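Enquirer: For this one, chain Z is given, so just place chains X, R and G on it according to the hints.
For reference, the chains in residue letters:
There are 4 protein chains.
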Amino acid sequence: MLRNKLTAMGKGRLEAFSDGVIAIIITIMVLELKVPHGDSFKDLQPLLPVFLSYLLSFINIAIYWNNHHHMLHSISKINGAVLWANVHLLFWLSLFPFATAWMGENHFTTWPLVAYGAVSTGAGVAYYLLSQCLISVNGKDSALAKAFGKDRKGIISIILDLIGISLAFVTPWLSLAVYVLISAIWLVPDRRIEKTK
Amino acid sequence: MLRNKLTAMGKGRLEAFSDGVIAIIITIMVLELKVPHGDSFKDLQPLLPVFLSYLLSFINIAIYWNNHHHMLHSISKINGAVLWANVHLLFWLSLFPFATAWMGENHFTTWPLVAYGAVSTGAGVAYYLLSQCLISVNGKDSALAKAFGKDRKGIISIILDLIGISLAFVTPWLSLAVYVLISAIWLVPDRRIEKTK
Amino acid sequence: MLRNKLTAMGKGRLEAFSDGVIAIIITIMVLELKVPHGDSFKDLQPLLPVFLSYLLSFINIAIYWNNHHHMLHSISKINGAVLWANVHLLFWLSLFPFATAWMGENHFTTWPLVAYGAVSTGAGVAYYLLSQCLISVNGKDSALAKAFGKDRKGIISIILDLIGISLAFVTPWLSLAVYVLISAIWLVPDRRIEKTK
Amino acid sequence: MLRNKLTAMGKGRLEAFSDGVIAIIITIMVLELKVPHGDSFKDLQPLLPVFLSYLLSFINIAIYWNNHHHMLHSISKINGAVLWANVHLLFWLSLFPFATAWMGENHFTTWPLVAYGAVSTGAGVAYYLLSQCLISVNGKDSALAKAFGKDRKGIISIILDLIGISLAFVTPWLSLAVYVLISAIWLVPDRRIEKTK
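Protein chains in written order, with the numbering used here: chain Z, 6 to 202; chain X, 6 to 202; chain R, 6 to 202; chain G, 6 to 202.
Keep in mind that a hint or two might mislead.
Which copy is meant is left open, because identical chains are indistinguishable; a pair holds if it fits in one copy or across any two.
Said to hold, decoys possible - With a straight-line cut-off of 27 Å between C-alpha atoms, the simulated BS3-like cross-links for lysine-lysine are:
(1) Lys16 with Lys151
(2) Lys145 with Lys39
(3) Lys16 with Lys158
(4) Lys82 with Lys47
(5) Lys47 with Lys145
(6) Lys145 with Lys82
(7) Lys82 with Lys16
(8) Lys158 with Lys145
(9) Lys39 with Lys158
If you are wondering where the hints come from, they were derived from the structure by calculation, not from laboratory data. What you are looking at is a predicted structure, and each value in this text was computed from that prediction instead of being measured.
One chain only, chain Z, in its complex shape (with noise of 0.2 Å):
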């Protein structure tokens, strides 16, 4: 009784951590959005790339959460390894402004793709191993561990990222409309945790 009430405020505090981590991520991205010198509508255009970046990283990270949110909700145990899995997560969550803001200043061209690409697999790799480790501490007959099943949708994400990192180095556009694509993909939030709740 007591352990399970230690255990749900361990899960609680984990979950402000992120909340606090993934909040200041999202808002401090707009840093980069700097504000322009003159006071015409056309001293605004130079940040529409800027801002598109922004807007499409605003949307990952708010998927991160939301799914971060279902997929803590659906469990009750954690441990230290699942706290390390957390502060994985976290570290690539962190990249995304860099990535964001180099990619947006140099109108999407090859490289910047690639490094938003390489922060967005990171990212979607350190999930995967969080559900896994949430898994394993949860039990395989836990309502996250039926949810997730092979968690085709994570795995073709990654896929998807790797994808858009060669486009880049052939059709930059054809890598960035990939990235949407994934976005695309994941803002439906997690359906099969949802369901077995």
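Expert: Below, chains X, R and G alone, put in the same frame as chain Z:
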């Protein structure tokens, strides 16, 4: 019972994440108050419009936090659509620091005023959509639904924002006056919701 | 009963939002400790006044968090006026990073010291108003009301702030000494409230 | 009973504030990863030392959060001294972004390594003091007191930090190696506390 508990927890985390993002937005705006190089009183004077712009936005963001607080206080259920309507609202709020700084640094000229009005309109529409999502989840007989009615206040402030944008092309200071008026209207917390609690 | 629960929740979110804003204020001040270009010990020396200014403000903001924590701990009811009195306090606290940086970068000269004192006075007055709001909501017989009494400590520190501002025009280092004295007075958490719990 | 509830709440808010500050510290460090002007792979290379420095500090701050989490998890009582010991720890942690950036931008030369070691030592001492405060409040028979014993791990890492600082004057890369070693030692969460729960 368990389900209720899970839903309540979900709402708690939605509030916590929103509080985090809004707290960061309201605070990083102050970073645009760039420290002047000189140390005389005269060196502070060019900062006055930036400061006034900051003050207006601080009040606006605080109003949103306040009303967001009251609105979520009065409901008990959330779902995936609510999560995304909330993220949509946070996105518009996250653009306030940019619009605030651009407006302040250019001493309230036409296009910065238009940008500020556009961000404010976007946030107003997003708040309205969030309230409608919450009403549809919590039922037409919920306290929120009765309190909101046709949400005249929300619609009026969106209309005033559009008037403010139009005036920016004619008499910029009148446009600013309209934005100040909108804040004044909202400064009173949403008594409609408080009343029905 | 339900009402109590709702009120308690409201207080929780007020604390959470305040904690968020104060946590950000206390942390972003460190961004003014600009990384020097050289890598020798000598390159650190010009940062000393900025560092001392940061240290003073870190302690001041921590004092506010601490006393805010004790004050809200001792009450049970909040209302709309409390929410706004709290936002008002956060506004003044949000100006600390600016005043701190200006004072540190100019080595504690007259006007930056005046600005620091003005921000500190504003925060002191806002804290006093918040305490009065809380007392009026929670009753003259509440633990808070008894603990605060005439709030001599709060009023003394506001008077000291005004003395500090005046001294800035005569002997700047004495002005700084007064500001340090105010922090020393408050470093002890508000025992009045702790006592009555 | 009521008192317990109040104390528990106080602890909760202490955790929340610490989480907030630590979340901001760990995230704003990424702002030092300045976006390069060019868009080629070559433009990323100068960022490598800054990135490695960021990685080391991200791990260090995460270790502190993790152990802070475990330590507060295992106790039930706090008091004013704990609040201030905690603020003292947060102050040292807040200097990590500065030390990290200075070290990374100067490619791990002597004085930046000394500064990093000094900040790390300060944080280590502050963590030790916080643990002693918590033990003195919660009793020598508390789970925490038994788990900590003489806190050999904490003392060893402070000694290693001092060795690292000394080595910076002789063989800088060895100094860095010692800092990495300290992180490696702590990467395992504080099993002593987990064991006794």
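Enquirer: With reference to the structure, classify each hint as holding or not holding.
Expert: Hints, verified against the model:
1. Within a single copy, Lys16 and Lys151 get their C-alpha atoms as close as 21 Å, and across copies as close as 24 Å, so both meet the 27 Å cut-off.
2. In this assembly of identical chains, the alpha carbons of Lys145 and Lys39 never lie at most 27 Å apart, being 48 Å within a copy and 44 Å across copies at closest.
3. When the C-alpha separation of Lys16 and Lys158 is checked against a cutoff of 27 Å, the pair qualifies both within a copy, at 25 Å, and between copies, at 26 Å.
4. Taking the shortest Cα distances, Lys82 and Lys47 never come within 27 Å of each other, neither inside one copy (54 Å) nor across copies (45 Å).
5. Proximity of Lys47 to Lys145 under the C-alpha cut-off of 27 Å is found in neither arrangement, the shortest distances being 57 Å within a copy and 46 Å between copies.
6. Taking the shortest alpha-carbon separations for Lys145 and Lys82, only the intra-copy value of 13 Å comes in at or below 27 Å, while the best inter-copy value is 29 Å.
7. Taking the shortest Cα distances, Lys82 and Lys16 sit within 27 Å of each other both inside one copy (7 Å) and across copies (20 Å).
8. For a Cα distance limit of 27 Å, the shortest separation of Lys158 from Lys145 inside one copy, 19 Å, qualifies, whereas the shortest one across copies, 36 Å, does not.
9. Taking the closest pair of Cα atoms, Lys39 and Lys158 never come within 27 Å of each other, the shortest separation being 35 Å inside a single copy and 33 Å across copies.
Comparing the model with each numbered hint stated earlier shows that hints 2, 4, 5, 9 do not hold.
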